[in-house]
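Whenever a hint applies, use it, and build me the whole structure from the sequences.
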Amino acid sequence: MNNALEIKDLRVSFSSEGKRVEVVSGVSISVPEGKIVGVVGESGCGKTVTALSVMRLIPDPPGKIDSGNIIFDGGDLLEYREKDMRSVRGNRISMIFQEPISSLNPVFTVGDQIGEALRTHLKLSRKEEKERVLELLRLVGIPAPERRIKNYPHELSGGMSQRVMIAMALACNPEMLIADEPTTALDVTIQAGILELIEDLRVKMGMAVLLITHDLGIIAEVAEEVYVMYAGKIAEHAATSELFREPKHPYTVGLLNSIPDLRERKEKLDAIPGVVPSPGTYPKGCRFQDRCPLVIERCRIEEPPLTEHAPGHYSACWRADEVTLEI
Amino acid sequence: MSLKELVKIEGLKKYFPVTSGVLSRVTNFVKAVDGVDMTVREGETVGLVGESGCGKTTLGKTIIKLLEPTGGDIYYDEEKITNLSPSSMRAYRRKMQIVFQDPYGSLNPRMKVESIVSEGLVIHGISTGKERREIIRELLNTVGLREDALSRYPHEFSGGQRQRIAIARALALRPDFVVCDEPISALDVSVQAQIINLFIELQEEFSLTYLFISHDLRVVKHISDRVAVMYLGKIVEFAESGELYKNPLHPYTKILISSVPIADPSRKREPAVLKGDVPSPINPPSGCSFHPRCPIAVEKCSSAEPELRDAGGGHFVSCHLA
Numbered sequence: 001m002n003n004a005l006e007i008k009d010l011r012v013s014f015s016s017e018g019k020r021v022e023v024v025s026g027v028s029i030s031v032p033e034g035k036i037v038g039v040v041g042e043s044g045c046g047k048t049v050t051a052l053s054v055m056r057l058i059p060d061p062p063g064k065i066d067s068g069n070i071i072f073d074g075g076d077l078l079e080y081r082e083k084d085m086r087s088v089r090g091n092r093i094s095m096i097f098q099e100p101i102s103s104l105n106p107v108f109t110v111g112d113q114i115g116e117a118l119r120t121h122l123k124l125s126r127k128e129e130k131e132r133v134l135e136l137l138r139l140v141g142i143p144a145p146e147r148r149i150k151n152y153p154h155e156l157s158g159g160m161s162q163r164v165m166i167a168m169a170l171a172c173n174p175e176m177l178i179a180d181e182p183t184t185a186l187d188v189t190i191q192a193g194i195l196e197l198i199e200d201l202r203v204k205m206g207m208a209v210l211l212i213t214h215d216l217g218i219i220a221e222v223a224e225e226v227y228v229m230y231a232g233k234i235a236e237h238a239a240t241s242e243l244f245r246e247p248k249h250p251y252t253v254g255l256l257n258s259i260p261d262l263r264e265r266k267e268k269l270d271a272i273p274g275v276v277p278s279p280g281t282y283p284k285g286c287r288f289q290d291r292c293p294l295v296i297e298r299c300r301i302e303e304p305p306l307t308e309h310a311p312g313h314y315s316a317c318w319r320a321d322e323v324t325l326e327i
Numbered sequence: 001m002s003l004k005e006l007v008k009i010e011g012l013k014k015y016f017p018v019t020s021g022v023l024s025r026v027t028n029f030v031k032a033v034d035g036v037d038m039t040v041r042e043g044e045t046v047g048l049v050g051e052s053g054c055g056k057t058t059l060g061k062t063i064i065k066l067l068e069p070t071g072g073d074i075y076y077d078e079e080k081i082t083n084l085s086p087s088s089m090r091a092y093r094r095k096m097q098i099v100f101q102d103p104y105g106s107l108n109p110r111m112k113v114e115s116i117v118s119e120g121l122v123i124h125g126i127s128t129g130k131e132r133r134e135i136i137r138e139l140l141n142t143v144g145l146r147e148d149a150l151s152r153y154p155h156e157f158s159g160g161q162r163q164r165i166a167i168a169r170a171l172a173l174r175p176d177f178v179v180c181d182e183p184i185s186a187l188d189v190s191v192q193a194q195i196i197n198l199f200i201e202l203q204e205e206f207s208l209t210y211l212f213i214s215h216d217l218r219v220v221k222h223i224s225d226r227v228a229v230m231y232l233g234k235i236v237e238f239a240e241s242g243e244l245y246k247n248p249l250h251p252y253t254k255i256l257i258s259s260v261p262i263a264d265p266s267r268k269r270e271p272a273v274l275k276g277d278v279p280s281p282i283n284p285p286s287g288c289s290f291h292p293r294c295p296i297a298v299e300k301c302s303s304a305e306p307e308l309r310d311a312g313g314g315h316f317v318s319c320h321l322a
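As you go down the protein sequences, you meet chains A and B in turn.
Counted from 1, the first sequence has number 49 at position 49 by the working numbering; the numbering is strictly sequential.
Counted from 1, the second sequence has number 59 at position 59 by the working numbering; the numbering is strictly sequential.
It should be emphasised that the hints constitute simulated quantities derived from the structure, not laboratory data.
All residues carry an ideal CB built from backbone N, CA and C; glycine is no exception.
Mixed in with the good hints, there may be bad ones.
Simulated DEER-style distance windows between Cβ atoms [said to hold, decoys possible]:
#1 G276/B x A310/A: 39 to 47 Å
#2 A272/B x R138/A: 20 to 28 Å
#3 G276/B x D200/A: 12 to 20 Å
#4 S185/B x L122/A: 20 to 28 Å
Some residues of chain A that are not near chain B, with every Cβ distance over 12 Å (derived) [as the list claims (entries may be wrong)]:
#5 K19
#6 E82
#7 H313
#8 T324
See the structure below:
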């Protein structure tokens with residue numbers, strides 16, 4: 001199958017107090033056409049920076065994409081001129097963000113903001129534009145769109161604003177949607193609706209989706225493939241069902257076991273000890289070593305590469321074959 | 001766990017005035033908590049769940065009188081504390097503490113950890129000098145922080161560690177009752193589990209009673225003995241934790257539970273999607289406040305308000321059809 005998007009060996013660094021600190025250290029992610037691929041990780045693991053790199057939205061300075069390729073439609077986005085990038089952004093690749101309320105401009109109406117994407121990329125008459133905006137609002141399930149089109153962002157609830165954001169992202173029928181924690185700021189009841197909407201749109205429009213989240217529950221629901229990120233690197237990559245059944249990285253196991261389950265009650269949660277190391281303070285060798293139950297001498301000296309341990313199942317762990325859900 | 005009721009509230013109300021116009025006249029009220037009956041037994045954890053804006057934080061703050069109630073009564077250890085003067089309230093403040101959601105906002109950035117944790121001891125005049133320092137040191141140990149934390153400032157700590165400091169502060173006065181207001185939602189997944197485990201360990205060690213407020217139904221199920229579900233300022237269901245999750249009676253509870261993502265890709269669920277948004281607590285709908293969004297509402301629901309009644313075995317629900 002063809003890939004809609006291919007991130008190859010991406011490295012991104014930020015300058016902080018005169019030093020360059022690498023926050024994404026050689027990340028490769030492929031998103032096949034028409035599929036939802038999940039990226040899961042905790043704050044500071046580099047998942048948002050990876051997504052922003054695809055859109056070429058890393059603020060430079062202080063940030064800089066040091067190396068790597070982002071292959072989209074046969075070309076490398078990192079080699080595009082800013083002018084050409086502008087015709088990709090919001091048109092062929094769109095992104096939705098975590099905080100819908102702060103991502104919308106408070107002084108323009110909903111209709112204006114969705115129309116902006118259309119005006120920028122397509123030549124439509126005012127009447128056509130309005131019709132397309134109404135159609136988009138209907139598509140994302142906003143009731144009474146004729147009235148909503150005149151609303152300002154403060155008149156919308158969180159769930160409504162996220163739907164408006166999605167409508168904006170979809171305005172030009174993008175081939176690729178990047179969703180960065182799209183439901184984190186929303187209540188569970190609203191979350192279910194937004195996830196269903198993203199899945200629906202994927203089916204209807206054949207869009208590929210890169211879904212970034214910290215919640216393995218969401219991954220289990222909608223993603224077909226998943227990448228687990230830890231401290232700027234991919235720790236594990238597999239088909240979703242495989243990853244949940246037979247994880248091959250101790251960090252993945254830790255994440256899985258630290259979620260309380262609705263179905264059974266455990267006496268004690270198996271927490272991962274310690275905290276995520278911050279960029280710039282990564283230890284030599286494996287970056288998970290200080291929190292790992294399986295750590296051996298080798299982990300402190302040599303960094304484990306991401307290698308294939310079963311067909312399509314990659315793990316960056318020296319003891320990947322000994323990892324089980326019960327470690 | 002005993003059956004003694006440590007905290008009891010009856011018909012508790014908290015309204016916030018809405019003002020308008022140049023004269024800022026009070027034109028309406030936000031009914032954040034609108035007639036809540038609830039009991040918390042000694043040594044148990046009561047979970048309180050609901051969507052944002054349902055009034056759960058306001059309820060938590062009103063119970064320990066950080067907010068003055070508009071109506072209703074609060075009993076602590078069988079004493080009515082609703083109308084106590086601030087000075088008579090002081091003795092109770094020692095027994096009731098709170099841990100807030102945001103460990104970045106709830107710790108004074110200009111105070112060292114030692115001053116933060118010992119503030120309560122100072123105010124209540126408990127212990128001095130060396131003895132006080134010893135108490136603080138022990139507390140830090142209990143919540144899993146190193147002693148050198150004493151002379152550091154909050155910004156030097158991660159989110160999880162800050163929440164440990166906030167917990168140490170809450171425990172300094174040896175309270176019986178702690179309101180935990182979304183204490184883990186600002187933390188990373190792997191750290192959340194550490195803090196949940198800490199809460200459970202501390203409960204056993206100090207025989208604490210918790211009111212645990214969270215929007216995360218998975219966490220609430222894990223930690224609670226009984227769970228109350230709140231919607232638009234009212235409790236709509238209240239039952240033993242196992243019973244509530246296995247046999248939810250209120251349509252709102254059913255929807256809430258079905259919308260929690262399950263970390264198991266082999267189980268495809270059909271989440272019931274809730275239509276519409278939470279209505280404004282200024283003008284709540286007539287009758288049952290959930291009826292405009294309820295999938296099974298009948299005519300009666302829009303006119304008559306259902307009572308919170310015992311549906312058997314201490315499982316309380318307020319729905320005409322349950």
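Note whether the CB distance of A272/B and R138/A lies within 20 to 28 Å or breaks it. The hint (20 to 28 Å, Cβ to Cβ) holds, given that A272/B and R138/A are roughly 22 Å apart.
Check on K19/A being off the interface with chain B, judged by Cβ distance over 12 Å: 19 Å, holds
Per the stated criterion, does the least C-beta distance between H313/A and chain B lie above 12 Å, as a non-interface residue requires? The claim stands: H313/A keeps its Cβ more than 12 Å from every Cβ of chain B (closest is about 14 Å).
Does the Cβ distance between G276/B and A310/A fall inside 39 to 47 Å? Holds, since G276/B and A310/A (Cβ atoms, about 46 Å apart) stay within the stated range.
Should the label of T324/A as a non-interface residue stand, given a Cβ cut-off of 12 Å to chain B? Label holds. Min Cβ-Cβ 17 Å, cutoff 12 Å.
Should the hint that G276/B and D200/A are 12 to 20 Å apart at their CB atoms be regarded as holding? Hint holds: Cβ distance 19 Å, inside 12 to 20 Å.
Taking 20 to 28 Å as the hint, is the beta-carbon distance of S185/B and L122/A inside that range? Roughly 41 Å apart at Cβ, these two residues miss the hinted range, so it is violated.
Closest CB of chain B to the CB of E82/A still more than 12 Å away: Fine: 35 Å to the nearest Cβ keeps E82/A off the interface.
When the structure is compared with the earlier hints, a violation turns up for hint 4 alone.
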